[in-house]
Amino acid sequence: MTRSWWSKLLLLVFFTGLSCVYVYPTIANLDLATTKFPFKQKINLGLDLQGGLYMVLGADFNKVFKEVVTRDSASLQDRAKEKGIELTSVKTITEGLPADDPHIAVEFNPAKRDELYNLIKNEFWRFRLADEKPGRFEVGIARDYRVEVRERTINQSIEVIRNRIDEFGVAEPSIASQGTDRLVVELPGVREIDRAKDLIGRTAKLEFKIVNDKAMAPAQVAELVAEIEKTNNLSYKEGQKFSEYVKKVNDFAKGKIPEGNEISFERTKNAAGQETSRIPYLLFSKTEVTGDELSDASVQFDQENRRPYVAFSLKPRGATQFEKLTGDHIQERLAIVLDNIVHSAPVIQTRIGGGHGQITLGRGDGDEVMKEAKDLAIVLRAGALPAQLEFLEQRVVGPSLGQDSINKGAFAAFIGAIAVFIFIAFYYRGSGLIAAFSLLLNVLFVLAILVGLEATLTLPGIAGIALTVGIAVDSNVVIYERIREELRLGKKAHGAIEAGFQKAFRTILDANVTNAAAAIVLLMYGTGPIKGFAVTMLIGIVTTLFTAVFVCRLIFDAYLRRMELKGQESISI
Amino acid sequence: MFQLIRPDTQFDFVGKRHIWVSISGLAILATVVLFFTKGLNYGIDFTGGAEVQLKVPAAWDIGKVRSELDNAGLKGLRVQQIGEPSAHEFLVKAQGDESSLNRVSSQIDGALAKLLQPKEYEIQRVDVVGPAAGSSLRISGFLSMFYALLCILVYVTIRFDYRYSPGAVIALFHDTVITLGVFILTQKQFDLQILAALLALIGYSNNDTIIVYDRVRETVQNHPEMKIRDAVNRAINETLARTILTSMTTFLTVFALWALGGKVIQDFAFTLMVGLIVGSYSSIFVASALVVWITEYQAKRAAKMAASPQAKNRKNSPGAMRAQPKLQS
Numbered sequence: 001m002t003r004s005w006w007s008k009l010l011l012l013v014f015f016t017g018l019s020c021v022y023v024y025p026t027i028a029n030l031d032l033a034t035t036k037f038p039f040k041q042k043i044n045l046g047l048d049l050q051g052g053l054y055m056v057l058g059a060d061f062n063k064v065f066k067e068v069v070t071r072d073s074a075s076l077q078d079r080a081k082e083k084g085i086e087l088t089s090v091k092t093i094t095e096g097l098p099a100d101d102p103h104i105a106v107e108f109n110p111a112k113r114d115e116l117y118n119l120i121k122n123e124f125w126r127f128r129l130a131d132e133k134p135g136r137f138e139v140g141i142a143r144d145y146r147v148e149v150r151e152r153t154i155n156q157s158i159e160v161i162r163n164r165i166d167e168f169g170v171a172e173p174s175i176a177s178q179g180t181d182r183l184v185v186e187l188p189g190v191r192e193i194d195r196a197k198d199l200i201g202r203t204a205k206l207e208f209k210i211v212n213d214k215a216m217a218p219a220q221v222a223e224l225v226a227e228i229e230k231t232n233n234l235s236y237k238e239g240q241k242f243s244e245y246v247k248k249v250n251d252f253a254k255g256k257i258p259e260g261n262e263i264s265f266e267r268t269k270n271a272a273g274q275e276t277s278r279i280p281y282l283l284f285s286k287t288e289v290t291g292d293e294l295s296d297a298s299v300q301f302d303q304e305n306r307r308p309y310v311a312f313s314l315k316p317r318g319a320t321q322f323e324k325l326t327g328d329h330i331q332e333r334l335a336i337v338l339d340n341i342v343h344s345a346p347v348i349q350t351r352i353g354g355g356h357g358q359i360t361l362g363r364g365d366g367d368e369v370m371k372e373a374k375d376l377a378i379v380l381r382a383g384a385l386p387a388q389l390e391f392l393e394q395r396v397v398g399p400s401l402g403q404d405s406i407n408k409g410a411f412a413a414f415i416g417a418i419a420v421f422i423f424i425a426f427y428y429r430g431s432g433l434i435a436a437f438s439l440l441l442n443v444l445f446v447l448a449i450l451v452g453l454e455a456t457l458t459l460p461g462i463a464g465i466a467l468t469v470g471i472a473v474d475s476n477v478v479i480y481e482r483i484r485e486e487l488r489l490g491k492k493a494h495g496a497i498e499a500g501f502q503k504a505f506r507t508i509l510d511a512n513v514t515n516a517a518a519a520i521v522l523l524m525y526g527t528g529p530i531k532g533f534a535v536t537m538l539i540g541i542v543t544t545l546f547t548a549v550f551v552c553r554l555i556f557d558a559y560l561r562r563m564e565l566k567g568q569e570s571i572s573i
Numbered sequence: 001m002f003q004l005i006r007p008d009t010q011f012d013f014v015g016k017r018h019i020w021v022s023i024s025g026l027a028i029l030a031t032v033v034l035f036f037t038k039g040l041n042y043g044i045d046f047t048g049g050a051e052v053q054l055k056v057p058a059a060w061d062i063g064k065v066r067s068e069l070d071n072a073g074l075k076g077l078r079v080q081q082i083g084e085p086s087a088h089e090f091l092v093k094a095q096g097d098e099s100s101l102n103r104v105s106s107q108i109d110g111a112l113a114k115l116l117q118p119k120e121y122e123i124q125r126v127d128v129v130g131p132a133a134g135s136s137l138r139i140s141g142f143l144s145m146f147y148a149l150l151c152i153l154v155y156v157t158i159r160f161d162y163r164y165s166p167g168a169v170i171a172l173f174h175d176t177v178i179t180l181g182v183f184i185l186t187q188k189q190f191d192l193q194i195l196a197a198l199l200a201l202i203g204y205s206n207n208d209t210i211i212v213y214d215r216v217r218e219t220v221q222n223h224p225e226m227k228i229r230d231a232v233n234r235a236i237n238e239t240l241a242r243t244i245l246t247s248m249t250t251f252l253t254v255f256a257l258w259a260l261g262g263k264v265i266q267d268f269a270f271t272l273m274v275g276l277i278v279g280s281y282s283s284i285f286v287a288s289a290l291v292v293w294i295t296e297y298q299a300k301r302a303a304k305m306a307a308s309p310q311a312k313n314r315k316n317s318p319g320a321m322r323a324q325p326k327l328q329s
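Chains A and B, in that order, are what the protein sequence lines are. Heads up: the first sequence at position 39 corresponds to 39 in my numbering, and the numbers run straight through without jumps. Heads up: the second sequence at position 75 corresponds to 75 in my numbering, and the numbers run straight through without jumps.
Do not take every clue at face value.
[Stated by the list, open to error] Label-pair distances were calculated between CB atoms; the ranges are:
(1) A:Arg488 - B:Ile277: 27 to 37 Å
(2) A:Gly17 - B:Asp161: 40 to 50 Å
(3) B:Ile277 - A:Leu440: 20 to 30 Å
(4) B:Thr37 - A:Leu129: 48 to 58 Å
(5) B:Ile139 - A:Lys91: 51 to 61 Å
(6) B:Gly110 - A:Lys133: 53 to 63 Å
(7) B:Ser67 - A:Gln358: 44 to 54 Å
(8) B:Gln187 - A:Lys133: 57 to 67 Å
[Unchecked claim] Below are the EDC-like pairs computed for lysine to aspartate or glutamate, each with C-alpha atoms no more than 20 Å apart in a straight line:
(9) A:Lys408 - B:Asp267
(10) A:Lys83 - A:Glu107
(11) A:Lys237 - B:Asp70
Just so you know, the hints here were simulated from the structure itself, not pulled from any lab data. Note that the structure is predicted; figures quoted are calculated from it, not measured. Glycine included, every Cβ here is placed at the ideal spot set by N, Cα and C.
Between the sequences and the hints, there should be enough to build the whole structure, so can you do that?
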């Protein structure tokens, strides 16, 4: 054999050996934690195979934009005042506008038009002038800023959800953005499905609001709510939307509570998730500080009192807001509101400056207080979600169905492959055996590359491997039929094989490239399991080119050589 | 040597092309009619809704779950048995708005927990797709099919010739449409997995077409004197053994998946099975017939141009150059 043949063989042996090492932990189902085997990586199973939770969440940007506009209109008012520009009216308007493009209508003294225009132009790049009438501007959010808000919101949401999942120790979660306003959360192997759902379902918005105890004592608020429930025949049942109940309570309370106030509830739940109590609060509707002004929160332990407390710190802007807020409202209660539910309402003891504060917790037994402290810290740290998220899709596969799928899928793929091996060996005899061997290598390579790329194997992915075997045969068939044709034309074995491989190569390449094009489209558009299918198809195309052309040729050369040594002229095909 | 097709086989595929194309045309027409009358049975992936698969003890009355759910504000509640009757597995389907859908799984879980011991039942799978997500999945799904076809059109045009690409794409369109037709007829659920299978099919079936085309191109190059219809016929006959063999091996694997792969993947495999048959047929009968037609039409036009008085001016234009006289009928 020639030197080049030997070096090619060496390359093949190297790849095969490497692939075996990659695939062995998966095939032998080694326990990666304890095994002495040097390569510690297994094939990643998709959610449909190992069971788990897949959800798509959408962010409600309409609300975010409205908030951005409202917040910035306040600073526009401030700046205009400083510059001596009189604004007669500043209003947020949404009517007759697209839901994601709220405007601020600013009415001003027409004489100051240019000054105001320059102010907006120079200092409020976030705004664009949407409409102008004498003495009235309508400004909306500039396009760049809109994009920025979207990105920031999504990224922040990803961070927050990841943070929260980490807190509860879910193994290998995946949280990614999809498009401009969606999040995909994948929690493989999660068995406590409802708990995990609840966990992410609590993606919420954190606000600090002052409790209006001066207007109504807590007992009075409770009485008012009881009265509203009674006179309007209103009650809340498990499974209904709590937010709807709260909205109704507030609708009925109109006129009975001060303007600019609202009723919110604190809810406690037992271990089974059922509500045990519901405490109403009268809050000023105005959000004093939002959760995204918080930078960190953690549980600390007070050695003296032997009690845990929650320490938190604020970002610079938030620190200023917080200092003013706490200074103005000493001895009043500050409600920590998560997703419109009051979580806790500690009494403000002193003015909190410097951006650091702490919350001590009520009395109770040690473990309970500790749990409460931990939950509160999670709420503060991770609860700073800027936008409300809604579930668009949820898919859960139970672990037993996953196991069932993998068993059946792998078995079917195995049987299919064996059937193909037998068929091809029967049809092409000696050369068929070569093809079957190259197919076997093909499957090995696909699996090894899946492990190496840390790609995920899904059920359609298993189908993809089976299909790869079916399609890979095609390359062998194309080559073999060519060789047969060349033999029929009277060529000698050597020449026929040479010509067969050469002529078939272009065909095989063209066919595989178009196949790959379809697989790439699938990869770009597909989600979850379907992506897995596209990945195995793509890998299969690459390995097919390698095995059908390179590996088969290598074996054929050795085969030919043997024939020549024996003095035989014909090959078994 | 074991042979399926004898090497000297000379079926006249092209001569009867009008028949084949008419059959295909009728099948496509029938699908279009079915599409607008009977319609596809879209799964929740595309319509939105909830599907919960559960396993309960033997001889347990599933109606109890149903009555628990009846007053949950859900529409189109359906409970159906799936798989082997001995497995006692059921699929609960429901439609509704986002908030009621979000509660479906916990409601079913709650109902079962009330009626059964935790070990006696199992919620195997939950799929909830909100109405908005459903419609966006549908749009992006069909877009992806469009892009896949576009990619292939571009590739075939670059790699072969513009005379070949319409045939390739029409053949793929033909395969997809007819497979969809079978789906409408059988009223099997059309969901994301099936869409993926269709896309895989586009790739596979095109593979088939390319191999025939490749041989047509080669034959035309080697035998310039041959009429296009004879060249195509010869190419099809020469690749016939390969087309059938490959379809058979692929069919074997897909059949194994269909028969043994479990119910999650059954419809996926079914789509591939149908598509394989239609795809192999279209490569032989449809794609090549279109090449013959387009080439002959072109040659006719070129001949007309050559006969017209402005021929001299046109001779240097790219269109005239492309129409090679040797392809004339």
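Verification of the supplied hints:
1. A:Arg488 - B:Ile277: 27 to 37 Å: About 29 Å separates the Cβ atoms of A:Arg488 and B:Ile277, which means 27 to 37 Å holds.
2. A:Gly17 - B:Asp161: 40 to 50 Å: holds (45 Å)
3. B:Ile277 - A:Leu440: 20 to 30 Å: Hint holds: Cβ distance 28 Å, inside 20 to 30 Å.
4. B:Thr37 - A:Leu129: 48 to 58 Å: Holds - the Cβ-Cβ distance for B:Thr37 and A:Leu129, about 53 Å, lies within 48 to 58 Å.
5. B:Ile139 - A:Lys91: 51 to 61 Å: violated (37 Å)
6. B:Gly110 - A:Lys133: 53 to 63 Å: Roughly 57 Å apart at Cβ, these two residues keep to the hinted range, so it holds.
7. B:Ser67 - A:Gln358: 44 to 54 Å: holds (53 Å)
8. B:Gln187 - A:Lys133: 57 to 67 Å: holds (59 Å)
9. A:Lys408 - B:Asp267: holds (14 Å)
10. A:Lys83 - A:Glu107: It holds: about 16 Å lies between the C-alpha atoms, which stays within 20 Å.
11. A:Lys237 - B:Asp70: holds (17 Å)
Taken one by one, the earlier hints fail for this structure only at number 5.
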